[in-house]
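Please work from the sequences and hints to get the whole structure.
The listed protein sequences derive, respectively, from chains A, B and C. Going letter by letter, the first sequence gives residues 1 to 205 in my numbering. Going letter by letter, the second sequence gives residues 1 to 205 in my numbering. Going letter by letter, the third sequence gives residues 1 to 243 in my numbering.
If you are wondering where the hints come from, they were derived from the structure by calculation, not from laboratory data. Watch out, some of these pointers could steer you wrong.
[Stated by the list, open to error] Covered, in the sense of this in silico footprint (three residues per stretch, anywhere, with C-beta under 8 Å from a C-beta of chain A), are these stretches of chain C:
#, region
1, 39–45
2, 56–67
3, 106–118
4, 179–187
5, 215–229
Yeah, the Cβ is synthetic: ideal placement off N, Cα and C, and Gly gets one too.
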Amino acid sequence: MRDDLKHIIESLLFVSESPLSVRQINSVLDLREPAVIRECLQELAEEYEARKGGFYLSEVAGGFQIRSRPEYREWIRQLLQAGPSRLSRAALETLAIVAYKQPVIRSDIEHIRGVDCGGVLRMLLERKIIRVLGRKEIPGRPLIYGTTRRFLELFDLKDLKDLPTPQEIKSLSGDAGEGQERAETPAVSDESEEDAGAEEGQKNT
Amino acid sequence: MRDDLKHIIESLLFVSESPLSVRQINSVLDLREPAVIRECLQELAEEYEARKGGFYLSEVAGGFQIRSRPEYREWIRQLLQAGPSRLSRAALETLAIVAYKQPVIRSDIEHIRGVDCGGVLRMLLERKIIRVLGRKEIPGRPLIYGTTRRFLELFDLKDLKDLPTPQEIKSLSGDAGEGQERAETPAVSDESEEDAGAEEGQKNT
Amino acid sequence: MPDDERYHVKVENIFEGPMDLLVYLIKKHEVDIYDIPIALITDRYLQYIAWMKAMNIDFAGDFLLMAATLAHIKSRMLLPVHESLEDEDAEDPRLEITRPLLEYLRMKAAAEQLAGRNILGEDTYNRQPPKEELDDLKVDPSTESLQVSLFELIDAFQQVLEKIPGDHRVDFSEERFSIQDKIAEIVDILEAKGSVVFYELFAGKTVKAELIVTFLAILELAKVGLIEIAQQVQTGVIRLFYL
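The structure is reproduced here in structure tokens:
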């Protein structure tokens with residue numbers, strides 16, 4: 001019986017395109033003790049872990065989802081013919097600010113980044129990674145932004161509390177310098193033009 | 001090693017939307033002996049059968065596919081019934097006109113969209129996203145439509161004043177001068193990825 | 001000019017904005033972010049701007065704004081020390097730039113942490129149930145719940161707006177939305193009670209704008225024929241009736 005239950009839950013996780021919460025699962029199973037669902041999920045997670053097969057159970061965005069193991073990403077990318085599709089550095093920075101500072105308005109984001117963020121915000125809205133929460137009651141009534149459930153799904157986060165605490169910056173020699181490689185390129189030498197150009201070209205492939 | 005291979009194949013089957021042939025799998029793995037792939041598939045099939053879990057390996061016309069077990073289809077049906085669906089383009093357009101032009105009558109909506117909207121309006125009424133406010137005192141006494149509280153809830157709006165104007169969204173990428181191109185470029189190259197993502201995310205449209 | 005284009009690409013690629021450039025300079029000169037040698041950094045910053053100008057490279061006005069800020073801090077640093085000591089509240093002028101820099105770096109570090117996670121669609125993938133699996137499990141549409149974002153709605157409306165005929169222009173003023181909200185409110189009351197006394201709708205309202213909006217909403221309701229307004233002869237009470 002218990003195994004049956006576990007396997008029904010497994011089949012539900014299997015056909016669902018978004019993470020399933022315990023509540024959602026119980027809306028189907030209608031158990032008096034929804035705690036059993038959590039136990040089954042725990043067992044499934046352990047089973048997948050022990051087996052080290054092609055997938056694992058991820059606790060994400062307030063629910064559970066079966067996902068392929070990151071170890072196999074290269075093979076999967078080849079199969080799906082998906083190019084190296086990543087959010088740009090500008091998009092990631094803007095997204096980080098929205099995530100950590102939400103609810104937040106555009107001018108606050110631009111104040112931190114020191115550059116215009118309209119295009120990036122639009123792209124993040126289009127991709128449903130952020131959303132409009134409402135308007136701020138100040139002159140101009142600007143739109144307020146926050147992250148979506150999709151954001152949690154994409155970045156494998158249980159909930160917003162699951163966001164890692166940003167480190168305090170001690171000095172620039174350490175962690176803060178990451179992602180800064182491009183800025184290392186000597187500013188004035190001529191070859192670097194080529195490098196930068198090449199990099200730019202790669203990005204668009 | 002053999003287990004690894006089996007699990008890579010499992011991850012490929014797991015993420016693939018269509019059945020995979022031995023040849024397709026080998027186009028990723030590039031083995032000199034593709035027969036090993038068939039053996040791995042055989043082992044996976046036996047393993048799933050012995051386990052009697054939520055899924056099994058199905059050999060269909062085009063190749064192999066992991067499928068949820070038919071025994072659990074009633075549960076799956078219930079889950080899908082409860083899952084969220086999307087509004088069609090026509091429904092979104094009609095809803096947008098009602099939202100921004102209310103109180104509005106059907107002939108005005110049809111004048112703007114240039115097509116019959118009766119079916120869409122009925123659907124929106126059934127779902128309680130719009131409502132009939134009354135009848136207009138002109139020949140034919142047509143129904144007047146407006147949005148409901150559920151509409152506000154659906155879009156997380158406090159009131160109609162919170163609806164962003166299309167200009168506002170447009171201005172996110174429009175008003176910023178030159179420094180903007182940068183932000184736009186990654187957005188464009190990212191979009192192709194979003195297409196893939198959107199396909200993934202697409203539900204029962 | 002192909003050459004110009006190449007430079008153009010390069011600068012944008014390296015420094016997205018003035019903050020980016022500052023971080024680079026501070027790192028390059030290995031200075032303590034909590035004790036920035038403002039004269040040195042300002043000089044290098046201005047050199048860089050000058051170089052960009054000399055190379056005919058377009059750069060955003062933000063770069064110049066930052067240059068002005070740096071120059072301002074530098075001049076304040078040149079003030080005699082005792083002057084600033086007299087004022088207990090006087091803080092290090094450099095904080096004007098250190099604080100936002102630290103915040104910027106914190107967010108950059110956070111972005112790096114996000115990028116390092118197992119990202120769906122890059123590092124890990126979820127299953128896409130094949131169509132055949134779900135085909136025979138069709139659902140009854142009336143009981144479906146909906147998934148839709150505000151962005152989709154506005155996007156749809158944008159398409160509509162492009163084909164909108166002249167006499168159907170939409171009024172996006174805030175007042176217009178206020179009237180729509182008010183109409184919804186009045187219809188709610190009328191749906192519940194059937195009629196309402198005119199003055200009740202204004203009761204307790206003191207803000208002039210709201211009084212006007214309420215009045216305009218009533219006019220619009222009457223105009224489209226949703227309500228009938230009637231005054232009782234004896235009492236003079238005006239009532240709105242839902243039709």
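Checked hints:
With 0 residues having a beta carbon nearer than 8 Å to a beta carbon of chain A, the region 39–45 of chain C misses the requirement of three or more and the stated coverage is violated. Using a Cβ-Cβ cut-off of 8 Å, 3 residues of the region 56–67 of chain C lie near chain A, which meets the minimum of three, so the contact claim holds. Here's how the region 106–118 of chain C fares: 12 of its residues keep a CB closer than 8 Å to some CB of chain A, so the rule of at least three is met and the hint holds. With a threshold of 8 Å between beta carbons, the proposed coverage of the region 179–187 of chain C by chain A is violated, since 0 of its residues qualify and at least three are required.
Requiring three or more residues with a Cβ within less than 8 Å of a Cβ of chain A, the coverage given for the region 215–229 of chain C is violated, as only 0 such residues are present.
Hints 1, 4, 5 from the earlier list are contradicted by this structure; the remaining hints agree with it.
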